[in-house]
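These protein sequence lines are chains U and L, in that order.
Residues 224 to 343 (the numbering used here) make up the first sequence, in order.
Residues 224 to 343 (the numbering used here) make up the second sequence, in order.
Note that these hints are calculated values from the structure, not bench results.
Among the clues, some could well be false.
For chains that are exact copies, the list does not tell them apart, and a pair is met inside one copy or across any two.
Simulated pairs of lysine-lysine, BS3-like, Cα-Cα distance not exceeding 25 Å [what the hints assert, rightly or not]:
hint: 1; residue 1: Lys301; residue 2: Lys340
hint: 2; residue 1: Lys327; residue 2: Lys301
hint: 3; residue 1: Lys301; residue 2: Lys258
hint: 4; residue 1: Lys327; residue 2: Lys340
hint: 5; residue 1: Lys340; residue 2: Lys258
hint: 6; residue 1: Lys258; residue 2: Lys327
2 protein chains.
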Amino acid sequence: MSFRTHLEAVVNQVDGALACSVMGFDGISVDTFQKDEATELDVSGTWVEYANLLTQLKNAAESLKTGTVTEVSVNSEKVLTVMRLLTPEYFLVLALRADGNFGKGRYVLRVTAPQVKAEL
Amino acid sequence: MSFRTHLEAVVNQVDGALACSVMGFDGISVDTFQKDEATELDVSGTWVEYANLLTQLKNAAESLKTGTVTEVSVNSEKVLTVMRLLTPEYFLVLALRADGNFGKGRYVLRVTAPQVKAEL
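Just chain U, with the same shape it has in the complex (with noise of 0.2 Å):
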């Protein structure tokens, strides 16, 4: 399977789902799906400056014993952003609108995570 077919399932199992990427933590997107209804929000930019965010809160979540960090989101009014950790280089982020199903888009972004990280 390519990336694209599970980023594509992760959006269409989820209700309310916008979009969905692999990125790498230097902010660059390794592959995207996005519905149609989804081009008004700036995937690629959020995301970007969320990659720099996600790798300050790595390296402060371990100089505090909490464990690696898994899971971030960062949630406004508009938008719901769930990231999933894979690799030390990778992750895995999915949008929603605020109205979307949430614990869904976590719950399958960590059923997807092994089998995305197993292609990287």
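Following the hints, position chain L against chain U.
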């Protein structure tokens, strides 16, 4: 009601909750309620770093038109952390064990936030 009463109520309502604080974005805690079993957790140290990251996230999200950031969570192998913005200066933060009730924690923070905000 004092801050402490609200914070204690949050911790007591959520399975697996360890500690709850009202924090300033300057990293200074206004008030904290911590369960006895949570003494191992370096609450203040962790949250000072999160406060700093949250400030950057807020700025990133503002410039990206996804609306004001209302909630951020950082989940590691041992501890789940949910932060909810109160004002441009303060936020509410809840730490749970990794097997704690994350959804209930988000819900209780959301309903408690306006009450705490009213007293700031």
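Hint-by-hint comparison with the structure:
1. Lys301 with Lys340: Classified as between; 22 Å across copies, 29 Å inside a copy.
2. Lys327 with Lys301: Cα proximity of Lys327 and Lys301: in one copy and across copies (18 Å, 21 Å).
3. Lys301 with Lys258: Intra 16 Å, inter 34 Å, cutoff 25 Å: intra-copy only.
4. Lys327 with Lys340: Within. Shortest intra-copy distance 20 Å satisfies the 25 Å Cα cut-off; inter-copy 30 Å does not.
5. Lys340 with Lys258: Within one copy only: 23 Å inside, 37 Å across.
6. Lys258 with Lys327: Intra 18 Å, inter 30 Å, cutoff 25 Å: intra-copy only.
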